[in-house]
Structures are given as structure tokens and as C-alpha cells.
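Q: Read off the chains here:
Protein chains: 2
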Amino acid sequence: MSIKIGIYGYGNLGRGVEYAIRQNRDLELVAVFTRRDPKSVQIDTEGVCVYHIDEAKNMTDKIDVMILCGGSATDLPVQTPELAKLFNVVDSFDTHAKIPQHFENCDKAAKQSGKTAIISVGWDPGMFSLSRIYSAAILPDGNDYTFWGKGVSQGHSDAIRRVEGVKDGKQYTIPVDAALDAVRSGSNPELSARQKHIRECFVVAEEGADKARIENEIKTMPNYFADYDTIVHFISQEELDRDHGGIPHGGFVFRTGKTGKNGENKHVIEYSLKLDSNPEFTASVITAYARAAYRLNSEGVSGCKTVFDIAPIYLSSKTPEELRGSIL
Amino acid sequence: MSIKIGIYGYGNLGRGVEYAIRQNRDLELVAVFTRRDPKSVQIDTEGVCVYHIDEAKNMTDKIDVMILCGGSATDLPVQTPELAKLFNVVDSFDTHAKIPQHFENCDKAAKQSGKTAIISVGWDPGMFSLSRIYSAAILPDGNDYTFWGKGVSQGHSDAIRRVEGVKDGKQYTIPVDAALDAVRSGSNPELSARQKHIRECFVVAEEGADKARIENEIKTMPNYFADYDTIVHFISQEELDRDHGGIPHGGFVFRTGKTGKNGENKHVIEYSLKLDSNPEFTASVITAYARAAYRLNSEGVSGCKTVFDIAPIYLSSKTPEELRGSIL
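Protein chains in written order, with this note's numbering: chain A, 9 to 336; chain B, 9 to 336.
Hints are computed from structural coordinates only; laboratory data are not their basis. Just so you know, not all the hints are guaranteed correct.
One copy or two, it doesn't matter: identical chains are merged, so the pair holds either way.
Unchecked claim - Using 25 Å as the maximum straight-line C-alpha spacing, the simulated SDA-like pairs for lysine to any residue come out as follows:
#1 Lys-158 x Pro-197
#2 Lys-12 x Arg-33
#3 Lys-65 x Val-309
#4 Lys-119 x Thr-327
#5 Lys-269 x Gly-19
#6 Lys-326 x Glu-112
#7 Lys-269 x Asp-284
#8 Lys-204 x Ser-280
#9 Lys-269 x Val-56
#10 Lys-326 x Gly-271
#11 Lys-175 x Asn-151
#12 Lys-158 x Leu-188
#13 Lys-119 x Ser-48
#14 Lys-158 x Glu-272
#15 Lys-269 x Glu-36
#16 Lys-158 x Ser-280
#17 Lys-12 x Lys-269
#18 Lys-93 x Pro-230
#19 Lys-326 x Gln-109
#20 Lys-158 x Ser-193
These figures come from a predicted structure and were not determined experimentally.
The task is simple: from the sequences and hints, build the whole structure.
A: In C-alpha cells, the structure reads:
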């Protein structure tokens, strides 16, 4: 008997979840929900229907876990607690500063309904957070470093596109090799924003626009670019579409620490991701956690959880015996 | 109120646990147990007594968690189930093939006593196993690769020292850079033992010994060296003591996998460790899991557990709220 999954929101992330479900034989996609006209949404799985989100509330008996695929800015803060009243849910809420509030809202809803809500699942927050919690527990006397990239930052790409005279643009966040090497050496460097990341922008200017002004406006934009070494390339729309259509991302999490009688022994823990598709990898993580949500709830666990609260065995489709005998 | 820890066996690992406990304010070392004459064992913590192992059974009310620091070959298979009848225990049993049997033995003992036993904690098995279970759950369509080193292999160093005419020796296991790069590229190479690791030996020959014969015997030794490119250096005892006295180790765990409609997007997950001291790092991991053993048992959980069964939050001395607000 497979675990029945609903997808709530069908953009890049929702489509990624659809593909991820196919790689897991114990999971089954049973419905996709959209805010748009369901007839206008073409999904990739035969025999599965698309419904308007308003119909979800009538399908609580058909869905074991609802995977929320909306955005963190406005969708998830409302949708996750709302749907946790009806379903086990998983989301990828990634506004780090607002996680405590989101947790409280979802916990309250899920405890009332007796459902399990797992929030902030993906790679950061998510897999990177796991690396941080394990490493810090093992090496209490140490330092954490997180680097992002090379990858496309949606927020920074949006910021470029808001500059007057910019028709289109993409921004890559790139970790500085010298900074990575300094961290790997165990020297515990103190690194400024500028020392950690480079920002590389590919910009399509409108015809006749003043490129010097655009470049200057980007490079001096507070919060987004002013604190970094920023590179601006002007290219054609064709080049942008041809060479920068992907959504790659990734990054590095380090913990460097000391042990021994006088801290004489150094250790470096490094976790890194190199992802061709940021949304598809995030989708793969939340899909694995949907299995955990179902199992935890079957055991009577309710309320809000994060990746910190969930034993890894809940993510795997294999039995405990198989896992102990093969990959332990 | 701190968690009271006993150390059972005081070699490199036991001493590492002693140092690790000092880095954790909620843990307190209360006793060290040895097979030797307790008077002959000098520990590094003032006010803590050394006892003969036979006295452990009389101290069940003084110790919350016993950390077993014996060897996997003969000590732990007997000691861990035996002590699980009396204490919450953690061990670093690392004979992968015998984990299922060890698990059964410890589970039976711990269930009878109502104690919690956590076995096979360290880095492999341990942190590497965690990387494998998480990564495989996220990328079901993928491949696993584990590399060890650069580091000292105890088993291979022992094998060198058993060769006639060898006075002393150390063996380093070294991952082959080309193999690491091939895996990182996502090309999913099939790699032989020889393609993955080099074995580098530093050998002190007895006076007048036939070095050519020794070198040949090492290089052709079945199981240990014959399937690898092996480098043999003859050096003096002084050089060995001066340059090869440490016990560094480490390694790499990769999962490479595909996602998307037709597997068109590749992803690489890499976890690596670079450790100045193998026993001290292992000690740091098992010390963190001692906290988990105590907490799980306080919640009424009994029986045998592995790193797969334990939610990461149990390892951290911080509160759930702190963790969600800082490192999630």
C-alpha cells in the first residue's frame, strides 16, 4: 500500500515533486492543486487530476500527505498552518528569520488536528541545517561556515530586473575559492561578506539604455550588491536564454573544531552540494520527508517538526534490518 | 544537573572521551574503568577515580551512561551486551559485517534491563552512515561512493609489522585524486579497489634484513595490498617516530543522482572529514551520542539503537527553540 501524496501549487517545485514521487515506489501522486483554472494546468502524470485549491478540503480521506509547493514570502505562512488543520503537510519555508513564528503557527494547527507538519525542508534550511546541528554537537569547540553557490539567486536576479533600463537578468552567487581554502586549512578565518562570495550578473539592457548607469546602480545597490565584489556582463536576450536558462545551485557547510588535552588536534567537517536544478533537488528532499510525515503520524505523533526532530530512518523506504546490514 | 558518564576502557579512545566530556558542560565524567591495575592508570581529570572493571556492577546508581572504549574484535561483542544489562551504553563497534548480530545481542540485553544501547557510533560507521542514509533517501536514482583517507589504517599497519624482518611500520590509505574528480563530475564511474585508493607504507627494517624481499612481500600480500598500488618507503625508527606518530584519518562519502522528467539533472552530495586524530574525533561523536542515550532513556525508550534511529536534536545541548532560531 503506497503513501498518497497531494501537491499543492504547481510551479517548478511542484513539478519537481511530481518527478521525485516517480522515483519512490512506496509513494503515489493522487492529486495536484492549483490556484489557476485547473483546466489550464497540464501535469506530467497520466490518470492524476488537477483540482482547484478550494477542493482540497473535500479530499482529506484521499490524501495521506500534502506537499506544499508555494513560496515563502506570502503563500506558505498562510497555507501551511491552514492545511495542517486537515492534512499531514510538508513545506520548504526558507525565510530563516521567520521560522520560529511559522513553527508556532503550524504547531498549533497540527496539534489541534492531530496531524504532523514538517516545515523548512529543503537544502538550506534542510540538509545544510542537518550538517550544522550534527557537526556542532560533535565539535562543540569550533566554528561554522556556510557558503552558497555557484548558483542562481532568485532574489538578486529579481533585484537586477528592477533596475531602470534592464530588460532581463540573472545573478550567480559564487563562493570565493581562497575563502574555501582558508576554511579547509582549519585556520578559522574571519571572513567578510565580500571575502566569502562574488556576485556575477548577466544583464540584458533595453535598447538605448545607459549601460554605465545600470552597472553602477547594480554595483552600489545596498543589501544586495554593495557589500560584494560584483561583476556585470551585458549580453543579448538570446545569450541569456541560451546560456543561463538553468537553475543550478549548491554550496558548502563547514565545521572546523579542536579536540585533545589542549585543543592540539584540528578537524574539518565539510558538506557540499552541487545541484543542476535547485527546485528539483529541494523537491527530492521534501518528498523524502513526506514519507516521514506519514510514518510519524501513523505512530501517533502530531504537531510541527523540523529536520532536527526526525530520525533519519523515517526518510528511507528500506527496512531497519536492510539499512543496518548494508549502509551503516 | 549534568549527565554522569563512565568510561569503560582507557586507551586512545577512552582518553579522547575524557577530553570530549570537558567540552560539554552538561556532561560530567564520574569514573574510569580499566582491566589493568587501577593504581597503574593515570587519568587527566582531577577528582575522578579509576576502578577495576569488576566494580562497575556496583555503580549503577552513579552512572547515567557508560561509554565503551574497547576494541571491536574481542571487547565490544562481549562487553556491550553485558553492560547494557546494567547501564545505558554507547559503543563504536565498527566491524560492518557483524553489526546485525551485535545489534541483536545488545537489543535483547537492553530491552530486558530497560536501558538504551547505541552501537556503532563514530565516523564509519557513524557520520558516514548518516550521510549515506540521508543522501540515498533524497536521491533514490543514484550511486554511492565512499573513500577513506588520507589516514593511518591500523589493520594494514599491523599487517606490515607481521612481515619478517620488519621492526616497525605505518600504512596510509590515500584516496586517488582522479577517482575523486571522476565521482565529483557526476559521471558515475565504476571504480576498482586499485582505482580508488593508494596504499603508502613507511617501514623500519631490522638490521641486515632483505629490503627487496620485504617490499615484495608487502606489495603482494593478499587482501591487504595485492589489489592496490602500494608504495613502500624504508625509513629509520627515528624518522617514523618523528614524522608518523600521529593518527590522522578522514574520507569522503558521495551520492550522485539524477532527477527530472528524464533524469536530465545531475546532483552531487559530498560529505568529507579531515581529522588530525581519528580516536579523538570518534570519541567526540560517541560523547554526543551519550547525551542522546541518556535523553532517550529518560523518555522511556529502551533497546538497541543506531545513528539511523536517533533524531539529531537529541545530540545537541541547545534547546529546540535556540536551534530553530539559529542554525536551522
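Q: Against each hint, give a clear statement of whether it holds in the structure.
A: To see whether the hints hold, each was checked on the structure:
no. : hint              : result
1   : Lys-158 x Pro-197 : both (21 Å within a copy, 24 Å between copies)
2   : Lys-12 x Arg-33   : within (11 Å within a copy, 45 Å between copies)
3   : Lys-65 x Val-309  : within (22 Å within a copy, 37 Å between copies)
4   : Lys-119 x Thr-327 : between (29 Å within a copy, 20 Å between copies)
5   : Lys-269 x Gly-19  : between (54 Å within a copy, 14 Å between copies)
6   : Lys-326 x Glu-112 : between (32 Å within a copy, 18 Å between copies)
7   : Lys-269 x Asp-284 : between (44 Å within a copy, 13 Å between copies)
8   : Lys-204 x Ser-280 : both (15 Å within a copy, 20 Å between copies)
9   : Lys-269 x Val-56  : between (62 Å within a copy, 16 Å between copies)
10  : Lys-326 x Gly-271 : between (40 Å within a copy, 22 Å between copies)
11  : Lys-175 x Asn-151 : neither (42 Å within a copy, 42 Å between copies)
12  : Lys-158 x Leu-188 : both (13 Å within a copy, 19 Å between copies)
13  : Lys-119 x Ser-48  : neither (36 Å within a copy, 57 Å between copies)
14  : Lys-158 x Glu-272 : between (34 Å within a copy, 19 Å between copies)
15  : Lys-269 x Glu-36  : between (53 Å within a copy, 16 Å between copies)
16  : Lys-158 x Ser-280 : both (11 Å within a copy, 19 Å between copies)
17  : Lys-12 x Lys-269  : between (53 Å within a copy, 20 Å between copies)
18  : Lys-93 x Pro-230  : neither (40 Å within a copy, 62 Å between copies)
19  : Lys-326 x Gln-109 : between (34 Å within a copy, 19 Å between copies)
20  : Lys-158 x Ser-193 : both (21 Å within a copy, 15 Å between copies)
In summary, the numbered hints that this structure violates are 11, 13, 18.
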